[in-house]
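Novice: No gaps in the numbering here: position 398 of the sequence shown is 398 in our numbering, and each next residue is one more.
Since the hints were derived computationally from the structure, they do not count as laboratory data.
Here a beta-carbon is modelled for each residue, glycine too, at the ideal position from N, C-alpha and C.
Treat each hint with caution, since some may be false.
Derived DSSO-like pairs (lysine-lysine); straight-line CA-CA distance at most 27 Å [as the list claims (entries may be wrong)]: (1) Lys77 x Lys136; (2) Lys292 x Lys254; (3) Lys955 x Lys293; (4) Lys415 x Lys308; (5) Lys840 x Lys294; (6) Lys455 x Lys415; (7) Lys308 x Lys293; (8) Lys678 x Lys955; (9) Lys292 x Lys308; (10) Lys136 x Lys32; (11) Lys678 x Lys240.
Pair ranges (Cβ atoms, derived) [claimed, not checked]: (12) Gly167 x Pro188: 38 to 48 Å; (13) His949 x Leu702: 21 to 31 Å; (14) Gln732 x Asn867: 12 to 22 Å; (15) Leu199 x Gly167: 47 to 57 Å; (16) Trp927 x Gly370: 55 to 65 Å; (17) Pro188 x Asn75: 45 to 55 Å.
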Amino acid sequence: MMPPKQEDGAVCYREGLVVNENYQICDITNRKIVDQLKEQKPQATFSCNAERQTCNFQFWVGQMESFYCALDTCNWKAEATDTSNSTTYVCDHVVCSCIPGRFLCGAENSIDIGDFLDQEIKGPATFSTIRSENSKEDGSKFSEPAMNGLISSVFGDESIQLQCHSGECLYRTEVPGYERPINKINTPLIAGVIAGCALFVLAAILLVFFLSRRGARRYGPIHLGDDEQEENAKLLADHKPAALYFDNVSYNLKGKQILTGIRGAVHPGELLAIMGASGAGKTSFLDIMARKKKRGIVSGDFWLNGEKVTDDEFRSVIGFVDQEDTMLPTLTVHETILDSALLRLPKERVLLRKHQVIGSEEGSGRGISGGEKRRVGIACELVTSPSILFLDEPTSGLDAYNAFNVVECLVTLVKTYNRTVVFTIHQPRSNIVALFDQLILLAQGRTVYSGPFDKCQSYFDGIGYPCPPGFNIADYLVDLTMHASTPYDPDEQVEIAFSANGDDATTRASSTRAIKSIASISNVSAMNSLGSAEESQTFLRPKAKRKASIRQQQERQLYSRKNTAEPMPQISGGSVRSEGDSMLGDDERQHWMKLSKQQGQPPPPLNEDPHDLPPAAPGATGTDLDVLISAYNASDVAAALHDDINAAADTAAESNGHPIGSPNGGAPHAGKVKGYRKPRIHTQFLILSRRTWRNIYRNPMLMLTHYAIAIILAVFIGFLFYGISDDLASFQNRLGFFFFILSLFGFSTLTSLTVFAPERLLFVRERAKGYYRPIAYYLSKVVFDMVPLRLIPPIIMGVIVYPMTGLVPAWSEFAKFMLFIVLFNLAAATICLFIGICVKNQGVANLFGVLVMLFSLLFGGFLLNHNTIPKSLAWLQNLSIFHYAFEGLIVNEARYLSLVDKQYGLDIEVPGSAILSSFGFNTLALWRDAIGLGVVCGVFLVLGYAALHIVLVEKR
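Let the hints inform the model, and build the full structure from the sequences given.
Specialist: So this is what it looks like as structure tokens:
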């Protein structure tokens, strides 16, 4: 039997020389004894105890003991020659005793040697064994002078002759002649491995360089032939024209009313512009029209060609271009548009375009311009030939020239291919405004105007707000809504005064004052130059003070109802305009009075109190804006729009066989519109994998840095822990080596936190537009992050450090070592990927990642002994990936290791399994730890996809 915890290192020593306690069983070969016993088999056993220096000899017949002899004061020796090996036991004192009734001890037909054994056998006795090349001499003998005489006289032999089998259970280091193996470092192997890894990194660098340069040589402008141009035109024209109608659109976010009662229509071949000041609700309204998911409550009616359709079907026939361009900077224009087409169209519908890098031009650091990038974004949406195209601020951030080019492209799309385009825009230049077909003017989420753009100017002229000559009407309308939205202060007085020399002037700029810009009066600048300087000064210098600004006059006209010198006209627009208007001359004012009289509308009742404002309507702002809104709602433009919407809905209902008017309140119809069939998931995965790989090899710094660090640190660590020996100090080195390796890989995987961050917005938008399914994107990111960054670096480091440090030189142990560091790296990477998906803020994500790694490190088994952890917290160790990996690595290395502790000149051998147990490691948990790492990796892969699928949903 072996001592506890040493069973794994036990061996059976069969050489016949006692080490601790030896046992031999022998067959007696004396011929006369064998013949006499016939079927009964004679045997003998011989055992010795080294500590007590005693032996025992027992004689058996038919597995029944006949007599035994106790031998003491024994010593033994072993001799080895070129031809034979021998062992000899010599015992000075012998005491024998017979068992009555047994063979040779009084059994029937047998002699009784009991008295002889008791009186004559005194010693000394020998037990010798020899093994040689001459098999005739092999065997064992038990000799004692008196015993030999008895055997000679009775059986005719010199002594008891035996054929023995010896055995003793020893720990492998106790075997005589055992020498501890010395770790030999295979220097050529180490050099070859390091050189191979260096060549691998060099090959990776050359491959990346080749792939990045190949695109510049391979691609160029693609010239389409006549047939291809016809197919291109057919693709663009292959769509169903779509007219979009909407009524009573409202939006409430957390109790705040963002949009209220917006109505409008846009037909095929028309360009609808949504204008308004900042905060007017343009983007929110555009998102609602495009059926984007909003955080608040949306209400209203929407019709496509007079019919209500489901959100999914509607999204399949539209395109949406966001205000901020979200493209991978490492892809070319050709690749960006091609990927968009491949992900959203059947393969046979894909057309090729132009080649130029989005972020940089052939590595020079400059890519395409802002206007070109905006047009690329539009092209990515046009690949599906959408019937309606929505754009959010397409001219934002562009200069006037590029802004006009973008809008001109939209006009070409609208007029040439009969598309419907809806976009928001903020104060466009005059040549862009001239391209509008429909206009919606918003202020504080309410409709100031919605209708044909060519009627816009006449409408505002009609309600008493004509755009001054030379002014951009877009600027004028935005400024008008801003001034109208300002809370009314009747006590505000602004004094405008000009001194004789032009000093001490105070004024307030406003487009409603009808002050022309320099460019707007350039047509009369030649005439003005003919006048004298004195006339010019007289023209620019008022001779009297004004106690109220034009803006105050406007406010007084809108809110007060004082008696004035002239009657206040009432016009069809539903708004009023009184005296004091500096923008209208006397002739124009008389014209409006005549128009009012012709319409037969009596003037409204007057009120002498300027503070007695008209009662506020529901949803009113309490500002001049209410008057503008009321004027529009009562106008002919609004009535015509309402009739257009009703007519379209009635026509669609009649064509579908429904009662006229039913679509207004009916449910959306399914199957009315249908987009292109999307590729299958495996095709999406291949396309996204190719795109991800392009992004990696064109921005290879992270990947190559991982490889270079793996080689450099592997050589450094291998040199630091070079040739670990088998003493107790080396066990500490082993613990430190595994701890450092795991810490290095654990914290280096924090780079996985940034794997998803740069493409978070891109993924959200592409998913919302239906580019692909989340599972295809997730698998492509996992594969191309795990393989190049999480699988290859640990393999490179492992093949270098393992032979340098002198760990167990066996292929099975090496394979387990590689398995654990790869599984650990993958598990840590999946945890960080999950955190990076869930946490948007990079600083917070880094903090969470570091805390998770430190928590796992604390319960890894190096800093805290498992046996000392409170029982209430012991379960936390099952959550530690460091625990699984650290225990697996150290058990794989030290389970069958014997460590030598040199104390007081003695070599004390300590089994590695005993040390592992004292550190709290389970020597039988190696495969359980490997399974634990695999489970953690799988669980967080699933959780990462769940977070991607549930959390990252576009909500505007």
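Novice: Sort out which numbered hints this structure fails and list those numbers smallest first.
Specialist: none
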